[in-house]
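J.: Chain by chain, the residues run as shown.
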Amino acid sequence: MDKYVNLFYVIAAIFFILGIKKLSHPKTARSGNALAAFGMFIAIISTLVTYTALDYLYIFAGILIGSIIGVIFAQKVEMTAMPQMVAIFNGFGGGASSLVASAEFLSSPDSTYFIVCISVFIGSLTFTGSFVAFGKLQGFISGKPITFKGQQILNALLVLVALLLIIAPNLVFDSNIHSGNLSAFFVVIILALLLGIGLTIPIGGADMPVVISLLNSYSGVAAASTGFVLMNNGLIISGALVGASGLILTNIMCKGMNRSLANVIFGAVGSEQDSTSGSDGKQINIKSYSTEETAMILDAAEKVIVVPGYGLAVAQAQHAVREIADFLENKGKTVLYAIHPVAGRMPGHMNVLLAEANISYDKLKDLDEINPEFEDCDVAMVLGANDVVNPAARHDTSSPIYGMPILNVDKSRTVMINKRTMNPGFAGIQNELFGYDNSIMVFGDAKDMLTDLLKDLKEL
Amino acid sequence: MDKYVNLFYVIAAIFFILGIKKLSHPKTARSGNALAAFGMFIAIISTLVTYTALDYLYIFAGILIGSIIGVIFAQKVEMTAMPQMVAIFNGFGGGASSLVASAEFLSSPDSTYFIVCISVFIGSLTFTGSFVAFGKLQGFISGKPITFKGQQILNALLVLVALLLIIAPNLVFDSNIHSGNLSAFFVVIILALLLGIGLTIPIGGADMPVVISLLNSYSGVAAASTGFVLMNNGLIISGALVGASGLILTNIMCKGMNRSLANVIFGAVGSEQDSTSGSDGKQINIKSYSTEETAMILDAAEKVIVVPGYGLAVAQAQHAVREIADFLENKGKTVLYAIHPVAGRMPGHMNVLLAEANISYDKLKDLDEINPEFEDCDVAMVLGANDVVNPAARHDTSSPIYGMPILNVDKSRTVMINKRTMNPGFAGIQNELFGYDNSIMVFGDAKDMLTDLLKDLKEL
Amino acid sequence: MIIAIPKEYNNGENRVAATPQSVKEYIQSGLEVWIESGAGEKSFYSNQDYIDAGAKLISSSEELFTNSDILIKVDPPTLDESRILKNNSIFVSLFQTVKHKNIIEIFLDKKITAFSMHLIPRTTLAQKMDALSSQSNIAGYMAVLMGATHLPVYMPLLMTAAGTIPPAKVLVLGAGVAGLQAIATSNRLGAQVEAFDVRPEVKEQVESLGAKFIEVAQDTPDGVGEGGYAKETSDEYKQKQQLLIKEKISKSNLVITTALIPGKPAPVLISKDVVDVMKPGAVIMDLAAENGGNCELTEIDQTINYNGVIIDGTANIPGKMPFHASQLYGKNIASLITYFLIAGKPVIDLEDEIISGSIFTHEGQITHQPTIDFFDRG
Amino acid sequence: MIIAIPKEYNNGENRVAATPQSVKEYIQSGLEVWIESGAGEKSFYSNQDYIDAGAKLISSSEELFTNSDILIKVDPPTLDESRILKNNSIFVSLFQTVKHKNIIEIFLDKKITAFSMHLIPRTTLAQKMDALSSQSNIAGYMAVLMGATHLPVYMPLLMTAAGTIPPAKVLVLGAGVAGLQAIATSNRLGAQVEAFDVRPEVKEQVESLGAKFIEVAQDTPDGVGEGGYAKETSDEYKQKQQLLIKEKISKSNLVITTALIPGKPAPVLISKDVVDVMKPGAVIMDLAAENGGNCELTEIDQTINYNGVIIDGTANIPGKMPFHASQLYGKNIASLITYFLIAGKPVIDLEDEIISGSIFTHEGQITHQPTIDFFDRG
Amino acid sequence: MEIINVLTVFILAIFVGIEIITKVPPTLHTPLMSGSNAISGIAVVGAIIATKIDGSISTFLGLTAVILATINVVGGFMVTDRMLKMFKRK
Amino acid sequence: MEIINVLTVFILAIFVGIEIITKVPPTLHTPLMSGSNAISGIAVVGAIIATKIDGSISTFLGLTAVILATINVVGGFMVTDRMLKMFKRK
Ligand SMILES: NC(=O)c1ccc[n+]([C@@H]2O[C@H](COP(=O)([O-])OP(=O)(O)OC[C@H]3O[C@@H](n4cnc5c(N)ncnc54)[C@H](OP(=O)(O)O)[C@@H]3O)[C@@H](O)[C@H]2O)c1
Ligand SMILES: NC(=O)c1ccc[n+]([C@@H]2O[C@H](COP(=O)([O-])OP(=O)(O)OC[C@H]3O[C@@H](n4cnc5c(N)ncnc54)[C@H](OP(=O)(O)O)[C@@H]3O)[C@@H](O)[C@H]2O)c1
Ligand SMILES: NC(=O)c1ccc[n+]([C@@H]2O[C@H](COP(=O)([O-])OP(=O)(O)OC[C@H]3O[C@@H](n4cnc5c(N)ncnc54)[C@H](O)[C@@H]3O)[C@@H](O)[C@H]2O)c1
Ligand SMILES: NC(=O)c1ccc[n+]([C@@H]2O[C@H](COP(=O)([O-])OP(=O)(O)OC[C@H]3O[C@@H](n4cnc5c(N)ncnc54)[C@H](O)[C@@H]3O)[C@@H](O)[C@H]2O)c1
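These protein sequences, in sequence, are chains A, B, C, D, E and F.
Residues 1 to 460, numbered by our numbering, are exactly what the first sequence covers, in order.
Residues 1 to 460, numbered by our numbering, are exactly what the second sequence covers, in order.
Residues 1 to 378, numbered by our numbering, are exactly what the third sequence covers, in order.
Residues 1 to 378, numbered by our numbering, are exactly what the fourth sequence covers, in order.
Residues 1 to 90, numbered by our numbering, are exactly what the fifth sequence covers, in order.
Residues 1 to 90, numbered by our numbering, are exactly what the sixth sequence covers, in order.
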């Protein structure tokens with residue numbers, strides 16, 4: 001071991017640090033990824049150069065095979081399947097850590113049993129956990145939480161036994177240290193593999209991204225512990241980095257879902273996307289978004305059309321709308337207002353409302369003016385409006401509002417609909433728009449929602 | 001050297017890290033300071049316990065003397081003199097680092113000359129720099145920038161020569177390594193002491209806090225280099241921490257002043273507070289605040305009274321006011337509006353204006369209702385009003401508005417006045433209020449200013 | 001097919017049933033348009049405007065009535081006018097069936113297909129024909145302006161060198177379309193607005209306009225009838241209402257009443273003794289004047305001063321804003337007529353909710369149930 | 001010392017020079033207050049209110065004029081009234097000196113100390129006595145309401161099922177106090193407001209109310225006279241102004257004119273041929289009617305319809321809002337009187353800017369320079 | 001002393017890890033996860049070293065580890081890059 | 001190897017230092033500066049060790065260093081605490 005290799009590991013670590021930092025900002029994310037990849041390149045090359053007596057044949061064969069598989073996976077996977085891909089990769093990483101630790105242990109069993117076990121335990125757990133997550137997302141395993149009585153107790157038991165075996169193997173197995181350790185070692189592996197499955201299977205598909213993020217953090221810890229086994233600074237630093245930042249990311253993701261990590265892991269709720277059946281029994285599948293995600297969408301938009309309805313007046317959110325619009329306009333976006341002739345509860349209701357917030361008359365467009373504009377509109381923000389954007393009026397001859405001209409919000413790239421519930425509007429009819437592919441629902445009182453949205457927009 | 005001492009240093013470092021983190025949030029700052037102090041305690045005790053052959057007599061004597069002086073300084077100093085106090089302490093710290101490195105070097109000259117010199121150089125520079133900063137703030141040295149021709153060149157020369165001596169002492173001095181190094185060492189010290197003075201003296205008193213922060217960062221670097229001399233992890237980690245975080249803090253402070261660090265250090269502008277002379281030749285000394293500082297003041301307030309004037313209408317900032325007021329009210333503060341009978345340019349101008357922003361009638365108070373309220377008001381926000389808050393109306397019989405009842409904003413704890421310039425209002429007379437001790441001016445168009453202020457309030 | 005627009009001769013009626021814009025619409029739908037000379041004058045539409053739009057100018061009213069296949073008006077016809085209507089023709093106007101029994105009898109006789117713009121269903125789809133909405137909206141808006149002009153006080157809060165003027169207190173009784181618009185307009189002018197109505201769901205609507213809703217504590221929410229209209233309400237309710245109203249009214253500067261119950265006289269919300277306790281200088285705008293008034297003292301089409309309280313009983317307020325009133329009414333009627341025209345010919349589909357809802361005589365039969373009930377009662 | 005408040009007998013004058021509130025102020029200052037019975041009636045202040053405040057009720061007008069040391073009024077006195085005023089007494093009312101030469105002569109004769117509320121300096125300090133401000137403010141506000149009531153169209157923008165109603169275009173000519181308030185009120189109602197004035201600094205004030213200022217391109221900014229009042233302006237300027245005004249007016253629904261030049265007839269801003277190009281249904285509210293009107297066709301105290309354009313020449317608009325108009329005017333006068341009272345006795349200090357500014361006859365002399373000039377001219 | 005030093009490094013690295021991300025916009029959650037996951041493929045370094053360890057089992061395990069870790073590294077960085085490319089505004 | 005290890009620690013500590021403060025309200029600028037300044041008094045540890053170094057100059061320098069560094073530490077933490085106490089709302 002040359003002493004300079006550690007220097008290179010530090011350099012690699014610096015690249016990782018900068019990479020992760022940049023990855024968390026939209027503008028620099030791509031270059032961040034490249035930096036991290038370059039750091040990895042440094043780490044690998046310096047290892048190959050410094051360590052002697054390596055089995056280069058195996059190594060190159062391994063790298064070649066791994067690269068080919070990795071490239072194929074990365075190229076072939078569909079964009080929608082990204083999360084499960086990450087899960088697999090993560091599983092492989094965890095597996096690798098655990099294999100390396102095992103190799104070290106098996107060839108020289110006097111290497112610290114404790115630390116090897118930790119490494120193997122976490123690595124194996126990550127391995128199976130990741131594959132379960134993959135299976136759930138890919139649909140190989142039901143996305144629904146799979147639960148049974150005593151599940152938590154069983155998991156707890158697995159952990160306890162494994163811990164016991166890691167700390168004091170000889171209490172259980174052969175008092176001969178070496179053979180005792182060996183037996184315990186294998187049992188720990190099996191327990192960890194089971195635990196990975198046991199922990200992941202009760203979590204619903206919707207929560208999988210959080211789980212993957214958590215497992216990612218674990219695989220960092222696994223790498224770090226392997227680092228301790230090999231006394232290798234590179235693994236330790238990088239592993240610790242990933243372990244810590246992964247945990248923070250997991251936490252951020254949980255917060256975004258308004259849940260605690262504990263709730264995600266042990267909640268076993270992992271509910272699916274809401275689905276609501278209207279009075280006529282038709283099922284509508286909707287996508288419910290947080291204001292944070294909505295802010296991201298608005299941020300990317302160039303042209304936004306606000307569609308105010310009675311709900312906006314009920315919420316008295318006229319000033320909040322104006323604040324959002326001001327903010328977007330300051331960012332160089334176009335904001336228009338689409339006023340449907342019967343929006344609200346009296347003729348001109350929306351005019352009175354928006355005049356209160358001093359919204360300039362030239363931004364208010366009536367139905368005929370605005371409908372062609374939806375075609376190249378990025379986001380239509382439907383705020384407390386319902387009947388006036390119901391596409392049934394266009395095509396459903398049985399609808400009581402069939403024939404009424406509506407605002408064609410569904411023609412815009414994204415339709416963001418804010419209301420408090422899935423209740424119908426004045427006409428008492430269900431609105432299929434809410435289930436359209438380009439529709440997203442943001443539930444809540446319009447004023448509260450807009451206030452949060454503004455906050456999130458400012459924080460981007 | 002016991003190997004466990006390093007473990008304790010790491011623990012101390014963790015306390016430092018947590019301490020600094022907590023120090024940067026208002027709510028946790030005090031406990032952060034305590035944590036850091038506790039970390040220091042650990043570091044000192046473990047050093048005393050672990051290292052053998054220490055000269056305990058000297059050590060305890062030193063600690064006792066130092067503690068007494070430190071306590072006295074810390075107790076006696078007036079609140080307004082805090083920054084200069086910090087400067088002195090900082091100078092001592094830098095001095096100490098440089099003395100330790102010197103001691104090591106003098107007793108065993110084969111200790112790495114290079115690293116010793118770095119340590120001594122930075123430590124000495126910090127020492128004199130800090131004392132100049134202290135002198136400027138305390139008034140011993142003129143607070144004005146002291147500049148002369150070629151100053152920058154001289155400083156550059158000092159740096160270059162010192163660097164040369166640090167890197168290649170034998171090029172200059174005796175080719176005998178030891179004696180050559182020794183001579184160079186002393187010259188470096190002298191150069192560093194001069195440089196500390198030379199760098200600090202051209203900077204104006206107003207910029208001193210930034211300089212102190214920068215010198216603080218340097219003293220961290222000095223400690224870290226001393227750590228390298230002694231190969232002591234504790235000094236290295238803590239020094240690096242302070243060095244890096246100090247630099248970031250310096251940067252934040254510069255940004256807050258809307259200047260770059262380079263501009264502060266080499267600008268030699270360091271302008272004093274504005275002072276303006278009115279048309280009648282009377283001098284008014286005003287304090288001009290940034291919106292960021294204003295936000296801090298508002299944040300600490302419980303009761304805020306907004307005093308709108310004609311300028312608010314000109315800026316059409318009625319909605320901006322409402323947003324600020326909403327924000328403050330959401331934080332549990334009381335916000336009232338003081339409407340002077342002749343504010344604006346037509347009877348009821350302010351009523352029309354505030355009604356546009358839907359500000360509730362019960363928050364609008366007329367002169368008689370509001371004047372007693374100023375007594376226990378924390379901040380009076382005077383927005384584009386002038387004549388109606390001119391205290392001359394109360395006491396200056398020669399004033400053309402003598403006898404008119406005014407809003408007694410000067411009775412509140414802080415009066416924040418926003419206008420664009422120092423120009424007079426409708427009555428064409430100067431306003432002594434602007435120079436009152438409890439007045440602060442925030443210049444700018446009312447709408448722009450309020451928008452910035454809101455941003456800053458949200459970022460607190 | 002001839003569609004004819006006669007001039008309105010009723011006193012105070014400045015509106016007209018078609019604007020040049022709607023004339024164009026009719027011609028596009030394949031109708032021939034006849035208009036009486038001077039029909040649009042009081043609404044500021046000149047004869048020339050109509051001729052330019054393609055209408056034929058007719059100087060005699062009689063000629064229009066006797067020859068047209070579709071006759072559209074603002075007000076109901078006089079008895080004489082209805083007698084000369086062409087048999088089997090279509091007639092459209094604002095028409096309160098319970099007020100014009102003898103005209104209906106003539107319609108039945110002549111097999112007139114008669115539509116009342118009063119009867120357009122209050123559904124989302126029928127909104128564009130909803131003349132009650134468009135005209136009530138004007139009434140609510142104008143009532144505030146007229147009331148504010150009567151008032152001896154400012155509407156908004158003003159803090160001036162000569163003292164602080166408190167905002168006027170406006171009370172809106174009945175918050176249908178007119179009431180809501182009155183709330184909105186008073187609010188704009190800076191008054192303090194309170195409102196109330198027997199229908200509980202109106203609370204949210206009132207609040208959506210930034211006003212305060214006054215609630216009469218009641219046990220059973222039974223103020224709602226069919227189709228969104230209010231029913232005459234229980235005695236106990238009325239009592240409580242009277243008390244609360246009395247208290248609120250005594251403090252108000254401007255009271256705007258809009259309470260109506262279709263097919264019945266307007267409910268009396270303000271009796272004489274309530275007016276007695278009002279402040280001098282207070283104003284009552286009674287938008288229900290045409291149907292008897294919500295105030296006991298209201299005299300139709302008169303503005304009286306009762307002990308310093310001004311009570312304005314102007315019946316036809318939309319007629320005071322004739323340009324826009326005619327434009328909106330013209331559009332409402334045109335929407336109805338183009339709705340039942342197929343290739344330029346009227347097709348009366350009694351299965352259609354809007355048609356069956358707004359028609360009251362057809363082929364010699366009364367088709368509107370409440371009108372049948374009314375005839376049955378005698 | 002007796003201060004007396006007679007009833008106003010002028011046609012359309014509903015105001016009174018003191019309210020019960022100001023009566024209390026006078027009594028506190030040590031004056032005895034006499035008031036004519038029924039003086040406050042039309043402003044909705046009853047005799048009883050005054051008695052409660054401490055005033056003595058007098059039934060004969062003559063008794064007041066002959067006995068009082070200070071007599072306060074809204075309108076100038078008639079010749080007969082001035083003849084019976086007590087010698088050396090103080091008289092205060094709104095008074096345009098150039099209009100009442102013979103009354104001034106009587107005042108000089110009787111050594112009356114006469115104040116005109118028209119002459120109060122427009123300084124910050126004198127604001128609380130500034131009756132022109134308080135009354136103009138009412139005029140500006142009421143003019144919009146009256147104008148909107150005359151209009152056959154809506155003021156605000158409305159997008160309804162029966163079509164989109166564009167906002168009314170309001171043009172305010174002359175943006176002093178009345179003009180600014182007219183802008184603010186029109187804005188509140190949702191109209192599109194433009195304004196203009198010869199004084200360039202008014203631009204910022206107009207914009208501070210959210211309206212657009214129309215500028216007449218001019219080379220020398222010479223529209224400004226002393227004390228903030230506008231001077232009669234150059235011919236060239238007038239021409240350009242006429243052109244721009246004509247264009248803007250032809251597009252406006254409501255034109256409100258408030259241009260005044262103190263001591264002179266009001267400038268004519270709208271000649272007959274301009275009215276000819278206005279849209280039918282447009283409305284002109286001429287607030288300068290009392291001084292001859294800003295529109296050539298204005299007839300004082302009449303509302304005429306000229307080819308469909310309504311021109312309202314109501315002279316005394318504040319009189320239409322008497323409760324608050326009297327309250328503010330009463331406060332203005334009370335502020336002036338308590339200003340020159342020392343221990344219950346009037347002390348006329350001609351060094352004082354406010355006193356010397358608003359007084360026009362004192363001890364048999366005319367003290368007001370423009371009035372002297374006017375007398376000199378003949 | 002070695003272990004203490006290594007521990008020091010470990011602890012400091014954890015602090016860095018905790019501090020470097022404070023706020024991440026939701027769209028970057030997955031890419032960031034994926035990118036840092038690729039970094040945890042640093043196990044490849046361990047795997048390379050492991051091939052040196054004698055004993056056929058170890059070598060075999062090492063080889064497998066190299067393959068798995070390489071997949072993690074190569075696939076991880078590439079997939080991340082693909083995701084991020086999507087976000088680029090047109 | 002020692003120096004590399006120490007360098008590693010140094011670099012990581014710098015990163016931690018950079019990351020721990022991101023946003024500081026202006027009122028805390030001075031206290032934070034003062035607090036971290038007190039931490040840089042860690043030189044006291046070096047000073048203590050320096051007394052051990054033989055030679056009277058060294059011992060003298062060490063003693064002086066101990067005094068100065070102690071002033072920095074004790075005074076620094078105390079002054080910081082005094083400042084922070086001020087901010088406490090009544
Ligand atoms: N313009 C007129 O003159 C007039 C008069 C009477 C009736 N109408 C009828 O009213 C309807 C108007 O259409 P519209 O689209 O404006 O209204 P709408 O169809 O009645 O829908 C309003 C929606 O707003 C939501 N909402 C209520 N309070 C909210 C709050 N605080 N925050 C967020 N959302 C809230 C409600 O959903 P949640 O409950 O789930 O929140 C509701 O679905 C038409 O059917 C029209 O015919 C019009
Ligand atoms: N109420 C009435 O009826 C009436 C009528 C006519 C005159 N007046 C007179 O007007 C005065 C009213 O007093 P006031 O205190 O409201 O106004 P003021 O004394 O005229 O002062 C207004 C201040 O606002 C500032 N300002 C202007 N535009 C601004 C902008 N965009 N952003 C921020 N500040 C701005 C100006 O200072 P900078 O230029 O430095 O920004 C000015 O000093 C009194 O003297 C009153 O007598 C009143
Ligand atoms: N679908 C649509 O788009 C649409 C459009 C316009 C109106 N509408 C509906 O039509 C309905 C009637 O509106 P309108 O304005 O023609 O009503 P209206 O003119 O018949 O009555 C006016 C109001 O008076 C109220 N009222 C009756 N008796 C009262 C009493 N004793 N005290 C107080 N208030 C009393 C009624 O509840 C009503 O709100 C409403 O429900 C409205 O929402 C629907
Ligand atoms: N100090 C104070 O607090 C205070 C209070 C009120 C008014 N003022 C000042 O008094 C002055 C006069 O106000 P007012 O309302 O009594 O004015 P006014 O009634 O005398 O005149 C009305 C307006 O008409 C304008 N005008 C004159 N000729 C015109 C023309 N040909 N075309 C267009 N506009 C023309 C004038 O410039 C003025 O703005 C203003 O400067 C105002 O700021 C001051």
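Think of the hints as simulated: they come from the structure by calculation, not from any bench.
Keep in mind the model is a prediction, meaning the values are calculated, not measured.
Mixed in with the good hints there might be a few duds.
To be verified - Simulated pairs of lysine to any residue, SDA-like, Cα-Cα distance not exceeding 20 Å:
no. : chain 1 : residue 1 : chain 2 : residue 2
1   : A       : LYS455    : B       : PRO424
2   : D       : LYS203    : B       : PRO424
3   : E       : LYS85     : A       : ALA81
4   : F       : LYS23     : B       : ALA300
5   : C       : LYS279    : D       : ARG83
6   : A       : LYS458    : B       : LYS458
7   : A       : LYS455    : E       : THR22
8   : F       : LYS23     : B       : GLU293
J.: Each of the hints needs a verdict: does it hold here or not?
T.: Hint-by-hint comparison with the structure:
For the proposed pair LYS455/A and PRO424/B, the alpha carbon gap of about 38 Å is over 20 Å, so the pair is violated. At most 20 Å may separate the alpha-carbon atoms for a hinted pair to count; LYS203/D and PRO424/B meet this at roughly 18 Å. Between LYS85/E and ALA81/A the alpha-carbon distance is near 16 Å, which keeps this suggested pair within the 20 Å criterion. For the hint linking LYS23/F to ALA300/B, the alpha-carbon distance of about 18 Å falls within 20 Å, and the restraint holds.
Only pairs whose Cα atoms come within 20 Å are accepted, and LYS279/C paired with ARG83/D is rejected, the gap being roughly 39 Å. Taking the CA atoms of LYS458/A and LYS458/B, the gap is near 10 Å; set against the 20 Å cutoff, the hint holds. Restraint check for LYS455/A and THR22/E: the C-alpha separation of about 17 Å stays at or below 20 Å, so the hint holds. As the CA atoms of LYS23/F and GLU293/B are separated by approximately 14 Å, the hinted pair is consistent with the 20 Å bound.
Checked against the numbered hints given earlier, this structure breaks hints 1 and 5; the rest are met.
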